[in-house]
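Chemist: Sequences listed follow chains A and B, in order. Residue numbering for the first sequence follows my numbering, beginning at 352 and increasing consecutively. Residue numbering for the second sequence follows my numbering, beginning at 391 and increasing consecutively.
These aren't lab readings, by the way, just hints derived from the structure by calculation. A couple of the hints might just be wrong.
[Said to hold, decoys possible] Pulled a few chain B residues facing chain A out of the computed Cβ check, cut under 7 Å:
1. I436
2. Y481
3. Y520
[Stated by the list, open to error] Only pairs whose alpha carbons sit at most 20 Å apart, straight line, appear in this in silico SDA-like list of lysine to any residue:
4. K459(A) <-> V430(A)
5. K503(B) <-> T484(A)
6. K459(A) <-> E500(B)
7. K503(B) <-> A523(B)
8. K540(B) <-> L403(B)
9. K503(B) <-> G461(A)
10. K503(B) <-> A458(A)
In this text, a Cβ means the ideal position worked out from N, Cα and C, and glycines have one as well.
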Amino acid sequence: MAILKPAEERRTFERLANLREIVFGVQDGVLTTAGVLAGLSGAVSGRSQIILAALASTAAGALSMGAGAYLGTRAEIEVIRAEMRRAREHAREQPYIVQESLLDELAKEGLSREAGYRVVRLLSSAPQALYSTAEEKIYGLSGGAFGNPVVDGLLMGIAFLVGAVVPLLPFVLLSSIRTGLIAGLGTTALVLFAVGYAVEGRLAENRYPAIAGARFLAIALGAAAAGYLIGLAISPLGAAAP
Amino acid sequence: MLKPGDAAPGWDLPCVFDGRISRLRLDRIRSEMVVVFFYPHDFSFICPTEVTGFNRAQPAFKQEQTSIVGVSVDEAEVHLRWSQELGGLSYPLIADEEGILARQYDVLDEHEKVALRATFVLDAKRTVAYSLASSINVGRSVSETLRVVKALRSGHLCPADWQPGGDFGPADTKS
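If we strip away everything but chain A, and leave its shape as in the complex, we get (with noise of 0.2 Å):
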């Protein structure tokens, strides 16, 4: 009989995990150029200037996104190590709030209040297994759910290039800039469509993933089409300029 081997299955759920920063990355940017893209497509006439505007901002973009989630991981791992902490302390002072609390929720999940009591009293002869169940039941943390700040940095950054590229690359290719733009817009929503398809859709086991796909897409189209839209608002600025 197979059983589950804990350590295999925490590394596929870390891995699951980063999931999020190749997402967010491709998605953001995807979305971030297209709608320099866009948006400065209807401001200025140069399609060098657009170019090396759409450069730019991928370059910063993808440096930026990176620190963010290099320092937004280090902050998470150094709060909820704190957080940890001071409910370990709190579980020592007052066990029997503890105790009860994680009772309750026990009981909230399903078990009868004389079952759930009788697994608290056996996990608090073991005070290791009371505090980690009581951190993730009641203060939902999880000692295991920590990323690496690094891989997270990279990851993100890495998947921001890569989405970047994909209008960036049609608008590049092509001579005109009308042309490019719909061009540029046109794998924008491929992409997106296909990354909702695959994650949202089939990774997620969803029973209609196109619709997962179409939904990904609605998003990021909105946001491209504002793009455009404020680009155009305020191109009498870039006109007015000295």
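Position chain B against the provided structure of chain A, taking the given hints into account.
Modeler: Below, chain B alone, put in the same frame as chain A:
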């Protein structure tokens, strides 16, 4: 919540006493005073300290002609297993499953459908002589309840923090 001077509602409810399920009526309790303490749940980590505390102090309450009755909304079967878990109790636990008694004493938490942590001391006329309620996560003081029973039975005017053997209040006319 019922206050001193209010007539204590009677009851005729299932209870667990002496390892058996039976029924208990307030008007069948012969002692001079009755301590009725409500608590939220059996199989809890805060409640047992009170339940066992009253159990250990039961001889002292008996010396003061006072019976103890515990009340929660748990079923009689659960009370039976709970009293066995605690090693047996020397006073009855009432199964107020519908919360009727708790509601009559105005100590039912309508949201959680459990009794608050409330203590009532009933005098010989079964009038409320003392009442106290605390937050669900704070256990009561059994020794304080015993002190209050002794003070009430003294018939004297007892000052703050009065202890048996201590002086009564300057306005006490019975001394």
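Chemist: Tell me, in ascending order, the numbers of any earlier hints that this structure violates.
Modeler: 2, 3, 4, 5, 8
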